[in-house]
Amino acid sequence: EPEVTQTPSHQVTQMGQEVILRCVPISNHLYFYWYRQILGQKVEFLVSFYNNEISEKSEIFDDQFSVERPDGSNFTLKIRSTKLEDSAMYFCASSAQGLKNTGELFFGEGSRLTVL
Amino acid sequence: AQRVTQPEKLLSVFKGAPVELKCNYSYSGSPELFWYVQYSRQRLQLLLRHISRESIKGFTADLNKGETSFHLKKPFAQEEDSAMYYCALRGGNTGKLIFGQGTTLQVKP
Numbered sequence: 024e025p026e027v028t029q030t031p032s033h034q035v036t037q038m039g040q041e042v043i044l045r046c047v048p049i050s051n052h053l054y055f056y057w058y059r060q061i062l063g064q065k066v067e068f069l070v071s072f073y074n075n076e077i078s079e080k081s082e083i084f085d086d087q088f089s090v091e092r093p094d095g096s097n098f099t100l101k102i103r104s105t106k107l108e109d110s111a112m113y114f115c116a117s118s119a120q121g122l123k124n125t126g127e128l129f130f131g132e133g134s135r136l137t138v139l
Numbered sequence: 012a013q014r015v016t017q018p019e020k021l022l023s024v025f026k027g028a029p030v031e032l033k034c035n036y037s038y039s040g041s042p043e044l045f046w047y048v049q050y051s052r053q054r055l056q057l058l059l060r061h062i063s064r065e066s067i068k069g070f071t072a073d074l075n076k077g078e079t080s081f082h083l084k085k086p087f088a089q090e091e092d093s094a095m096y097y098c099a100l101r102g103g104n105t106g107k108l109i110f111g112q113g114t115t116l117q118v119k120p
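Protein chains in written order, with the working numbering: chain A, 24 to 139; chain B, 12 to 120.
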C-alpha cells in the first residue's frame with residue numbers, strides 16, 4: 024500500500040541553523056500539507072500546497088518557513104534560523120483530492136525536530 | 012473561532028466494556044468532522060468521517076449539531092483498540108483540519 028514517507032525521522036540542530044524536512048507524498052496525490060505537534064500539544068496545521076503554490080497557511084507559517092516541491096516527488100519544509108520553540112514533530116500529509124472535496128489525508132510518520 | 016475539544020486525556024476501560032470518546036467542537040457553519048487514530052509507533056490514519064456514516068472497526072460517531080458533538084463510540088472495546096484518538100474539524104471553504112488535543116484509549120485485558 025502506498026505511503027507518505029518522511030526523512031529524517033529525527034533531527035537535532037543548534038538554534039539559528041536552517042533545517043530542511045523532506046517528504047515523499049503518495050505518487051498520484053496532488054495536495055500536500057505540513058502539520059506540526061509540539062510535545063503535549065495539539066496537531067496544528069501549517070500549510071497546504073497545490074499546483075506548485077501555497078493554497079493556505081496558518082499564522083504559525085511565517086517568513087521563517089517555506090515549502091517547495093523541487094522535483095516531481097519531494098515536498099520539503101524549510102525552517103530558517105531555528106528557534107527552541109520550533110522543536111516539534113512535523114507531519115507531512117497528502118491527498119488525492121483537496122479536503123474541500125472530502126479527500127482523505129494520508130500522513131507520514133513524522134520528523135522529530137529538536138532544537139538545542 | 013474554530014475549535015475542537017477532547018476533554019479526556021486518558022480513557023481506560025476493560026476489554027469488552029463500552030467506549031465513548033468525547034469530542035465537542037465550536038464552529039458557526041456546517042463543519043465536517045473526522046476521527047483519526049494513531050496506534051503505537053504508527054502514523055496518524057483516518058478512522059471515520061461523519062459524512063460517510065459508516066462503522067469502522069466497530070466504531071461509530073454521530074454528528075450532533077445541537078450539542079456540537081461528535082463522540083466516538085464502540086459497544087465492546089478490544090485490546091487492539093488501544094491508541095491515541097484525535098477528533099478533527101474542517102470548516103467552510105478551507106482544506107485545513109483543526110485537531111483536538113487527543114485522547115489516549117487504554118483497553119485493559
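Just to be clear, a hint being listed does not mean it is correct.
Unchecked claim - Pairwise CB distance ranges (calculated):
1) B:Glu91 <-> A:Lys101: 37 to 45 Å
2) B:Pro120 <-> A:Glu24: 46 to 54 Å
3) A:Ala119 <-> B:Ser39: 23 to 31 Å
4) B:Thr115 <-> A:Glu24: 19 to 27 Å
5) B:Thr115 <-> A:Ile83: 19 to 27 Å
6) A:Ala119 <-> B:Ser37: 24 to 32 Å
7) B:Ser37 <-> A:Leu107: 43 to 51 Å
Stated by the list, open to error - Listed below are the simulated DSBU-like cross-link pairs for lysine-lysine, each with C-alpha atoms no more than 30 Å apart in a straight line:
8) B:Lys68 <-> B:Lys33
9) B:Lys76 <-> B:Lys20
10) A:Lys80 <-> A:Lys65
11) B:Lys33 <-> A:Lys80
12) B:Lys119 <-> B:Lys26
13) A:Lys65 <-> B:Lys76
14) B:Lys119 <-> A:Lys65
15) A:Lys101 <-> B:Lys26
16) A:Lys65 <-> A:Lys106
17) B:Lys26 <-> A:Lys80
18) A:Lys65 <-> B:Lys20
Simulated from the structure, these hints should not be mistaken for lab results. Yeah, the Cβ is synthetic: ideal placement off N, Cα and C, and Gly gets one too.
We went through each hint and held it up to the structure:
1. Evaluation of the 37 to 45 Å hint for glutamate 91 (chain B) and lysine 101 (chain A) yields a pass: the beta carbon distance comes to about 39 Å.
2. Checked against the hint of 46 to 54 Å, the pair proline 120 (chain B) and glutamate 24 (chain A) fails, with Cβ atoms roughly 30 Å apart.
3. The hinted window of 23 to 31 Å between alanine 119 (chain A) and serine 39 (chain B) holds, with their beta carbons roughly 29 Å apart.
4. Our hint of 19 to 27 Å for threonine 115 (chain B) and glutamate 24 (chain A) holds, since their Cβ atoms are close to 26 Å apart.
5. The given range of 19 to 27 Å is respected by threonine 115 (chain B) and isoleucine 83 (chain A), whose C-beta atoms sit roughly 25 Å from each other.
6. Taken as a hint, the range 24 to 32 Å holds for the pair alanine 119 (chain A) and serine 37 (chain B), whose Cβ atoms sit roughly 29 Å apart.
7. Taken as a hint, the range 43 to 51 Å is violated for the pair serine 37 (chain B) and leucine 107 (chain A), whose Cβ atoms sit roughly 31 Å apart.
8. With a CA separation close to 18 Å, the supplied pair lysine 68 (chain B) and lysine 33 (chain B) stays within the 30 Å bound.
9. Annotation: proposed proximity of lysine 76 (chain B) to lysine 20 (chain B) holds, straight-line Cα distance about 23 Å (limit 30 Å).
10. Taken as a hint, the lysine 80 (chain A) and lysine 65 (chain A) pair is honoured in the structure, with Cα atoms around 17 Å apart against an allowance of 30 Å.
11. The hinted pair formed by lysine 33 (chain B) and lysine 80 (chain A) meets the criterion: a straight-line CA distance of about 28 Å does not exceed 30 Å.
12. Distance check on the hinted pair: lysine 119 (chain B) and lysine 26 (chain B) sit about 6 Å apart at the alpha-carbon level, within 30 Å; holds.
13. Taken as a hint, the lysine 65 (chain A) and lysine 76 (chain B) pair is honoured in the structure, with Cα atoms around 23 Å apart against an allowance of 30 Å.
14. About 26 Å separates the Cα atoms of lysine 119 (chain B) and lysine 65 (chain A), which keeps this hinted pair within 30 Å; it holds.
15. For a cut-off of 30 Å, the pair hint linking lysine 101 (chain A) to lysine 26 (chain B) is broken: about 44 Å separates their Cα positions.
16. The straight-line distance between the Cα atoms of lysine 65 (chain A) and lysine 106 (chain A) is roughly 19 Å, inside the 30 Å bound, and the hint therefore holds.
17. A hinted pair counts as satisfied when its Cα atoms are at most 30 Å apart, and lysine 26 (chain B) with lysine 80 (chain A) does not qualify at roughly 42 Å.
18. For the proposed pair lysine 65 (chain A) and lysine 20 (chain B), the alpha carbon gap of about 12 Å is at most 30 Å, so the pair holds.
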